[in-house]
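Q: We have chain W already, so just place chain G on it with the hints.
In order, the protein sequence lines correspond to chains W and G.
The numbering used here puts the first residue of the first sequence at 174, with every later residue one more than the last.
The numbering used here puts the first residue of the second sequence at 902, with every later residue one more than the last.
Do not rely on the hints blindly, as some may be mistaken.
[Said to hold, decoys possible] Cβ pair distances, simulated, as ranges: (1) G:L928 / W:G233: 15 to 25 Å; (2) W:S181 / G:R1011: 23 to 33 Å; (3) W:T283 / G:P940: 10 to 20 Å; (4) W:N230 / G:L997: 20 to 30 Å; (5) W:Q175 / G:T987: 20 to 30 Å; (6) W:S224 / G:K915: 41 to 51 Å; (7) G:E963 / W:Y212: 25 to 35 Å; (8) W:P252 / G:K915: 46 to 56 Å; (9) G:T980 / W:S242: 28 to 38 Å; (10) G:S981 / W:R190: 48 to 58 Å.
[What the hints assert, rightly or not] Beyond 12 Å from chain W on every Cβ pair, some chain G residues (computed): (11) G917; (12) S923; (13) N954; (14) Q1002.
Since the hints were derived computationally from the structure, they do not count as laboratory data.
Quick reminder that beta carbons are idealized off the backbone N, C-alpha and C, glycines included.
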Amino acid sequence: DQQVKQNSPSLSVQEGRISILNCDYTNSMFDYFLWYKKYPAEGPTFLISISSIKDKNEDGRFTVFLNKSAKHLSLHIVPSQPGDSAVYFCAASGQTGANNLFFGTGTRLTVIP
Amino acid sequence: DGGITQSPKYLFRKEGQNVTLSCEQNLNHDAMYWYRQDPGQGLRLIYYSQIVNDFQKGDIAEGYSVSREKKESFPLTVTSAQKNPTAFYLCASSRLLGSNQPQHFGDGTRLSIL
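Extracted from the complex, chain W is given alone in its bound form (with noise of 0.2 Å):
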């Protein structure tokens, strides 16, 4: 059972736009959220996260905000860039006291110069 949801596996954007990647969970018990960009055959890289006593924390060109009442969060990347060019996972944990993650599927980013 997928706890934690991706429902768009790609998305394009021109360059200089905004990128909105969404992603829902169904586990009331997560209360810590990521995003990690990933490149073809390398790890994931970690980008931002959020604790679920905040709805929105901001880095630079990235933006991630939390909906706790629809189980739904966003990152926001704005301008966009064809180097954002990526896979984006989002993860969410609980308190398990071993920060087990659980990913979505993934969507697939394409930055259009």
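A: Okay, now just chain G, sitting in the frame of chain W:
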């Protein structure tokens, strides 16, 4: 440079053979993890370890084994009991101090069957 090193990058296994994937970290992280990624899927947890000489099964531990004899090292053995071992394997580590610590990943090992 601190980081996580996985080796080899590519590995081939014959039928009935056990193979071991290496994972070393110099980040002084307490916890280490092994994930498997299949095409079009997210990462699934195989095993994790919070402390030396202790490890726990993840969601898909069958056919795999691990050891944690040193804080820096968390090798994964894919045994002959794993009937579908072809996948991209990722090792990760994180701090355990406090909560909400991101996991940091190595660059993975791609395992294929001959």
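Q: Work down the list of hints and note, for each, if the structure agrees.
A: Right, here's what the structure says about each hint:
The beta-carbon spacing between L928 of chain G and G233 of chain W, approximately 23 Å, falls within the hinted interval of 15 to 25 Å. At roughly 26 Å, the beta-carbon separation of S181 of chain W and R1011 of chain G lies within the given 23 to 33 Å, and the hint holds. A C-beta distance of roughly 18 Å is found between T283 of chain W and P940 of chain G, which places it inside the suggested range of 10 to 20 Å. Checked against the hint of 20 to 30 Å, the C-beta distance between N230 of chain W and L997 of chain G comes to roughly 22 Å, which is consistent with it.
At roughly 22 Å, the beta carbons of Q175 of chain W and T987 of chain G sit within the given window of 20 to 30 Å. As the Cβ distance of S224 of chain W to K915 of chain G is approximately 47 Å, the hint placing it in 41 to 51 Å holds. One distance hint, 25 to 35 Å for the beta-carbon pair E963 of chain G and Y212 of chain W, holds here, with the actual separation near 30 Å. Roughly 50 Å separates the CB atoms of P252 of chain W and K915 of chain G, a value that falls within the hinted 46 to 56 Å.
In this structure the supplied range 28 to 38 Å is violated for T980 of chain G paired with S242 of chain W, their Cβ-Cβ distance being about 45 Å. Hint check: S981 of chain G to R190 of chain W, Cβ distance near 51 Å, so the stated range 48 to 58 Å holds. The Cβ of G917 of chain G lies farther than 12 Å from every Cβ of chain W, with a closest approach of about 28 Å, so its non-interface assignment holds. No Cβ of chain W comes within 12 Å of the Cβ of S923 of chain G; the nearest lies about 14 Å off, and the non-interface call holds.
Listed as a non-interface residue, N954 of chain G keeps its Cβ farther than 12 Å from every Cβ of chain W; the least gap is roughly 15 Å. Distance to chain W contradicts Q1002 of chain G as a non-interface residue, since its nearest Cβ pair spans about 6 Å, not more than 12 Å.
Taken one by one, the earlier hints fail for this structure at numbers 9, 14, listed in ascending order.
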